[in-house]
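K.L.:
If you want the building blocks of each chain, they are given just below.
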Amino acid sequence: MAVSEVSFDVSEGEVFGLIGPNGAGKTTTMECVEGVRRPDEGEISILGLDPFRDVFQVQNLIGVQLQQAQLQKRIKVWEAVDLWASFYPKPMDGNRLLEQLGLADKRNSLFMTLSGGQKQRLFIALALINDPEVVFLDELTTGLDPQSRRAIWDLVRGIRDRGKTVVLTTHLMEEAERLCDRVAIVERGKIIDIGSPEELVRRHCPTRTVVLATEDALAEERLRAIPQMETLTHQGSEFTIQGRGDDFVTEVIQCLSENRIRITDFRTVLPNLEDVFLKLTGHSIRD
Amino acid sequence: MLRGLWKLTWLEIKIFLREPLGAFGSIIFPVLVFVVLGRFAGGRITPGSISGAGFVRVELPVLVSVLIALSGVLSLVTIISIYREGGILKRLRATPLRPQTILTAHVLVKLALTALTMALTVLAGKRYFPIHAGFPIFGFTMALLISTWSILSIGFLIASIVPTARFAQPIGAAILYPMLGLCGLFVPVQLLPPALQVVARVLPLTYAVSLLSGILKGDAWSAHMGDLAALVVVFAVCTALSAKVFRWE
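If you read the sequences in order, they're chains A and B. End of the first sequence sits at 303 in our numbering; the numbers just go up one at a time, nothing left out. End of the second sequence sits at 291 in our numbering; the numbers just go up one at a time, nothing left out.
None of these hints come from the bench; they were simulated from the model. Do not rely on the hints blindly, as some may be mistaken.
In silico lysine to aspartate or glutamate, DMTMM-like type, Cα no more than 20 Å apart, as pairs [claimed, not checked]:
no.	chain 1	residue 1	chain 2	residue 2
1	A	Lys135	B	Asp261
2	A	Lys106	A	Glu149
3	A	Lys89	B	Glu291
4	B	Lys49	A	Glu21
5	A	Lys206	A	Glu21
6	A	Lys206	A	Glu57
7	B	Lys56	A	Asp70
8	B	Lys49	A	Asp109
9	A	Lys295	A	Glu246
10	A	Lys295	A	Asp209
11	B	Lys286	A	Asp209
12	B	Lys132	A	Asp70
13	A	Lys89	B	Glu127
14	B	Lys132	A	Glu246
15	A	Lys295	A	Glu149
16	A	Lys180	A	Asp197
17	A	Lys89	B	Asp261
18	A	Lys106	A	Asp70
Just the calculated beta-carbon pair ranges, DEER-fashion [claimed, not checked]:
no.	chain 1	residue 1	chain 2	residue 2	range
19	A	Trp169	B	Pro62	32 to 40 Å
20	B	Leu44	A	Lys89	54 to 62 Å
21	A	Leu65	B	Glu61	37 to 45 Å
22	B	Gly223	A	Gln83	40 to 48 Å
23	B	Ala278	A	Asp70	28 to 36 Å
24	B	Ala285	A	Gly298	43 to 51 Å
25	A	Gly298	B	Leu283	47 to 55 Å
26	A	Asp121	B	Arg289	35 to 43 Å
27	B	Glu61	A	Gln83	24 to 32 Å
28	B	Arg289	A	Leu286	41 to 49 Å
29	B	Ala278	A	Leu296	50 to 58 Å
30	B	Arg289	A	Ser300	29 to 37 Å
31	A	Trp169	B	Ala215	46 to 54 Å
Glycine included, C-beta positions come from ideal geometry on N, C-alpha and C.
Generate the whole structure from the sequences, applying the supplied hints.
P.N.:
Here you go:
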């Protein structure tokens, strides 16, 4: 069974992410909501409709970008957009859509000649052609180079700014942090926790880390005196100090200035979703 | 939704013709077979002849028609399996487009290409088989389209069960081409060993050949109601079966 305990609500106008490693059940969950797959049990409601019983009604209102989908090798870009437009009662202007997605000069290119990023942009165009209320994007930047990835992120923000609801899956924590208002962490077919990325980080990784370099011989002793300090390690002149609470960084800075400790380097390391995932599952998302 | 059907049908025709081997394999090749065989046996075989003598007992128009139909079916099997493997079917399924619409579009494409090939063959073969007043061109085309439509449903069944696109062509050919030997084209069904006669009786191609050669001879349609019924039954059974076992991904 790919998915067993999954329960979440997505509100209008937000970008919601299902995050987790490959095989966690993100795509299965999404396909059940899209009406492409029938769940064995459970309840799903999207825009007040049942995705399986009212599948055709639902598909008029949603836009879908599937993981690893392809089109006919020799279909031209404009033909695909034109074909998709003919499926819906009130399609958007295909040419304008291609322009917005930076594909205007690729109108007459065959699908098989497009680069990975161009294909993905075409799939986004097809997902948007019916001016959907909810857009589903499954692993939309997997396999793309960093530059195309950033361009696609901008497009997704653009979709949200137009008031659409976006549900996406990703195994890239950076993508989730940059795009999602809220995320659900999925592991082995279960949702472990849901919240905004900041919330999740605060809840599960309250530890702040400060890295600083100093030659001051008294530094270690003074730093250990900070009440919230939990661990301190050093390698030569570089100290790594961890402590709990939002004020920890301020405390460290105060300690440094009160004791007139000269430092040559100072940086903070903020925990991110990657750390949250590690903490919650005991393994890294890439494993 | 009709708009989607026509768009998809037209688009699939265009895409098919862009395929380097597509147009050659299913349009030019049967025409060439017809012309070459016609030149070779031109003097000896005339439409409507059922000569037991000679090196073949084949009625050339029937043979070529059956080849056209089979190549259409094979190409359908291949296309459907490639579409499934590539996730194209799945992507189309996530639109309001009905599954039946997708399949209908592909059947229409194959029927259109069959009719086109047929027309080209008739034109190319003019020198060997001048279309005389008695040639039932309309009836024959109808018979071919009905036969193709029925055999296409076998194609769907095969397309529903082949595991990957790589196997589609060989498995399809292995199922379809042996039918050629038993369908009464080369050896009359009555002359086959009894066991093979039974096999021949359940092969849809047998009825297609019977219908095609009958219409070619100038039989009335009413004389071939049995063949028509058999072809419709094949279509109904295969369509129902493939609807049960069809996988979109």
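K.L.:
Which hints from the list above does the structure break, by number from lowest to highest?
P.N.:
1, 4, 7, 11, 14, 15, 17 and 20
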